[in-house]
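Can you make the complete structure from the sequences, with help from the hints?
For the sequence shown, this note's numbering begins at 63 and goes up steadily by one.
Hints in this document: simulated from the structure, not taken from any laboratory.
Treat the hints with care, as some may be off.
[Claimed, not checked] With a straight-line cut-off of 20 Å between C-alpha atoms, the simulated SDA-like cross-links for lysine to any residue are: (1) 141 x 181; (2) 116 x 133; (3) 116 x 192; (4) 141 x 172; (5) 141 x 191; (6) 141 x 109; (7) 116 x 102; (8) 170 x 152; (9) 116 x 154; (10) 141 x 152; (11) 170 x 191; (12) 170 x 190; (13) 141 x 173; (14) 116 x 75; (15) 141 x 168.
[What the hints assert, rightly or not] FRET-style restraints, in silico, Cβ to Cβ: (16) 151 x 85: 35 to 41 Å; (17) 190 x 123: 21 to 27 Å; (18) 124 x 87: 16 to 22 Å; (19) 148 x 102: 18 to 24 Å; (20) 82 x 146: 43 to 49 Å; (21) 174 x 129: 16 to 22 Å; (22) 167 x 205: 18 to 24 Å.
Note that CB positions come from ideal geometry on N, CA and C, so glycine has one too.
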Amino acid sequence: EGLPWSQVWDRLQAWHNSDATEDHELFACMIHVLLDEYRFIAEYPANLSESSGKLIGAVVQERMLQGLPLFIALDYIRKALESQPTGNLDARADKLFIFGHTAINVCKSRLHEFPLYCNSLVEIPHLRQIDPELVSICESAAENIDTEELDEQGQMASVQRPNIFPAIQTHELDMSQPE
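Okay, structure coming up:
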């Protein structure tokens with residue numbers, strides 16, 4: 063089973079807030095593992111998908127991630143939310159959606175900081191039916207997009223995405239695999 067969510071969270075906070083270099087390295091390693099584990103979320107039991115979503119959402123909410131790790135975490139949350147749940151908690155899509163929905167609800171008070179991201183969430187068709195309040199929050203945030211700050215790809219031109227964790231690569235999940 064592993065450690066309860068609250069104990070893992072307490073350790074992450076302690077490592078993040080520590081003055082010791084070793085603790086910061088432990089924190090970075092744990093974040094690397096959490097992000098790398100995304101590719102296995104669909105194989106987890108639903109309760110572990112939810113716990114992983116709580117952790118990712120909490121590190122985003124508490125501003126423990128910046129740069130590339132933050133970008134990757136938000137991207138994984140969005141990708142998970144794009145998985146349309148079937149109502150079967152053993153289904154891959156449901157476990158992904160549970161992860162994404164849990165994570166986004168933990169960090170939703172920060173969504174106004176990411177108007178382009180919110181705009182992409184609003185475009186997920188089933189999200190409006192499942193969580194209209196979340197979509198409303200995203201629509202409000204998306205109204206704050208300043209088109210003068212966008213580059214030719216529609217991304218924020220001023221956003222720098224440093225390669226803090228060069229070993230982390232984002233993963234696309236193969237949803238064609240049988241349940």
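_18 to 24 Å as the expected CB spacing between residue 102 and residue 148, which holds or is violated_ = holds, 19 Å
*asked:* Please verify whether residue 141 and residue 168 have alpha carbons no more than 20 Å apart.
replied: holds, 16 Å
*C-beta pair residue 174, residue 129: status relative to the range 16 to 22 Å that was hinted*: Given a distance of about 20 Å, which is inside 16 to 22 Å, the answer is holds.
*Given the hint that residue 116 pairs with residue 154, does the C-alpha gap stay at or below 20 Å?*
holds, 18 Å
*Given the proposed pairing of residue 116 with residue 102, does the C-alpha separation stay at or below 20 Å?*
holds, 16 Å
*If you draw a straight line from the CA of residue 141 to the CA of residue 191, is it 20 Å or shorter?*
holds, 17 Å
*Confirm or reject the claim that residue 190 and residue 123 have a C-beta distance inside 21 to 27 Å.*
holds, 23 Å
*asked:* What's the verdict on residue 170 and residue 191, does the C-alpha distance respect the 20 Å limit or exceed it?
replied: Given that 20 Å is the threshold and the Cα spacing comes to 18 Å, the pair holds.
_Check whether the Cα positions of residue 141 and residue 152 lie no farther apart than 20 Å._
holds, 18 Å
*Regarding the pair residue 170 and residue 152, is the alpha-carbon distance no greater than 20 Å?*
The hint is violated at about 26 Å.
*Is the hinted pair residue 116 and residue 75 satisfied, with a Cα-Cα distance of at most 20 Å?*
Roughly 14 Å separates the two Cα atoms, so the pair holds.
_Against the 20 Å threshold, does the CA-CA distance of residue 141 and residue 172 hold or violate the hint?_
Status holds; Cα separation ~18 Å.
In this structure, the one hint that does not hold is number 8.
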